[in-house]
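Engineer: Listed below are the residues making up each chain.
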Amino acid sequence: MPYSPDQLFKTLADPTRRAIFERLCRDGEQTVAALTARAGVSQPAVSKHLGVLKQAGLVLDRHEGRQTHYSAQAAALAPLIDWTREMTGFWQSRFDDLEDLLKRMDQ
Amino acid sequence: MTEDSAETLSVIVEREIPHPPEKIWRALTQPHLIAEWLMKNDFTPVAGHRFKFTADWGAVDCEVTAVEPHRTLSYSWGAFGLASIVTWTLTPSSTGTLLRMEQSGFPADQRQAYQGAKAGWPRFFANLERVLAQAE
Numbered sequence: 001m002p003y004s005p006d007q008l009f010k011t012l013a014d015p016t017r018r019a020i021f022e023r024l025c026r027d028g029e030q031t032v033a034a035l036t037a038r039a040g041v042s043q044p045a046v047s048k049h050l051g052v053l054k055q056a057g058l059v060l061d062r063h064e065g066r067q068t069h070y071s072a073q074a075a076a077l078a079p080l081i082d083w084t085r086e087m088t089g090f091w092q093s094r095f096d097d098l099e100d101l102l103k104r105m106d107q
Numbered sequence: 001m002t003e004d005s006a007e008t009l010s011v012i013v014e015r016e017i018p019h020p021p022e023k024i025w026r027a028l029t030q031p032h033l034i035a036e037w038l039m040k041n042d043f044t045p046v047a048g049h050r051f052k053f054t055a056d057w058g059a060v061d062c063e064v065t066a067v068e069p070h071r072t073l074s075y076s077w078g079a080f081g082l083a084s085i086v087t088w089t090l091t092p093s094s095t096g097t098l099l100r101m102e103q104s105g106f107p108a109d110q111r112q113a114y115q116g117a118k119a120g121w122p123r124f125f126a127n128l129e130r131v132l133a134q135a136e
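Top line first, the protein sequences correspond to chains A and B.
The opening residue of the first sequence carries number 1 in the numbering used here; numbering runs sequentially from there.
The opening residue of the second sequence carries number 1 in the numbering used here; numbering runs sequentially from there.
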């Protein structure tokens, strides 16, 4: 059965968190303040989301003076790609078995 | 429907099958037939019915979410802590049936969405392959 990327799923299921991660992927390293300016939620909320992303290995933090810079770790997403690939394979083979069954069934 | 697909990650398998929808529907909804091609189960085609698929590697917790005989069937699919929805669609064709299975992960939560997140997964995954290629 497919690999279980459950923590990634839970982490990215939240649209706000996903958008923060997406922004880091697209625009590169950002501070919490810069992310908050665009996120439409409070700075503590953004920090909390970044903490969850960090736990899932999706972001790295780098301290510089009083600022913390966050960057995306896109390679951590590989299990999601594996999930879609493996589920596609799983369903393709179920379709094969379904077709075999249909051949054996009466009308 | 469009909005849902824009906010979720999907696996889609679609195949032209030379059998009528009614016959395929039986294979999709009768427990002893389902067991022959998918997994052992206690399925009943009634919305709200909770059931399990079981296999030697474990079980999948499900709940029927939509039933429209000979046309569409949906159930939630929970395995290894992942929530997704499996939707079967049967469309009559000149040679039989176009059978489509879509499994969607990451059910959307619009309440938490904000400007910028609206484009959702398609753009995200379009960029992702490129990003992953660079990371390798």
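Mixed in with the good hints, there may be bad ones.
Label-pair restraints from in silico Cβ distances [stated by the list, open to error]:
(1) B:S76 to A:P79: 45 to 55 Å
(2) A:D97 to B:P45: 12 to 22 Å
(3) A:K54 to B:E68: 56 to 66 Å
(4) B:E68 to A:D61: 43 to 53 Å
(5) B:G78 to A:A45: 41 to 51 Å
(6) A:A33 to B:R15: 33 to 43 Å
Source of the hints: derived by calculation from the structure; they are not laboratory data.
All residues carry an ideal CB built from backbone N, CA and C; glycine is no exception.
Engineer: Please go over all the hints and tell whether each is borne out by the structure.
Structural biologist: Evaluated hints:
The supplied range of 45 to 55 Å is broken by S76 (chain B) and P79 (chain A), whose beta-carbon atoms lie about 21 Å from each other. Range check, D97 (chain A) to P45 (chain B): Cβ separation about 20 Å, and the 12 to 22 Å hint holds. In this structure the supplied range 56 to 66 Å is violated for K54 (chain A) paired with E68 (chain B), their Cβ-Cβ distance being about 44 Å. Between E68 (chain B) and D61 (chain A) the beta carbons are some 49 Å apart, a value that agrees with the proposed interval 43 to 53 Å.
Look at G78 (chain B) against A45 (chain A): about 28 Å separates their beta carbons, and that is not inside 41 to 51 Å. At about 51 Å, the CB distance of A33 (chain A) to R15 (chain B) disagrees with the hint of 33 to 43 Å.
Of the numbered hints listed earlier, those contradicted by the structure are 1, 3, 5 and 6.
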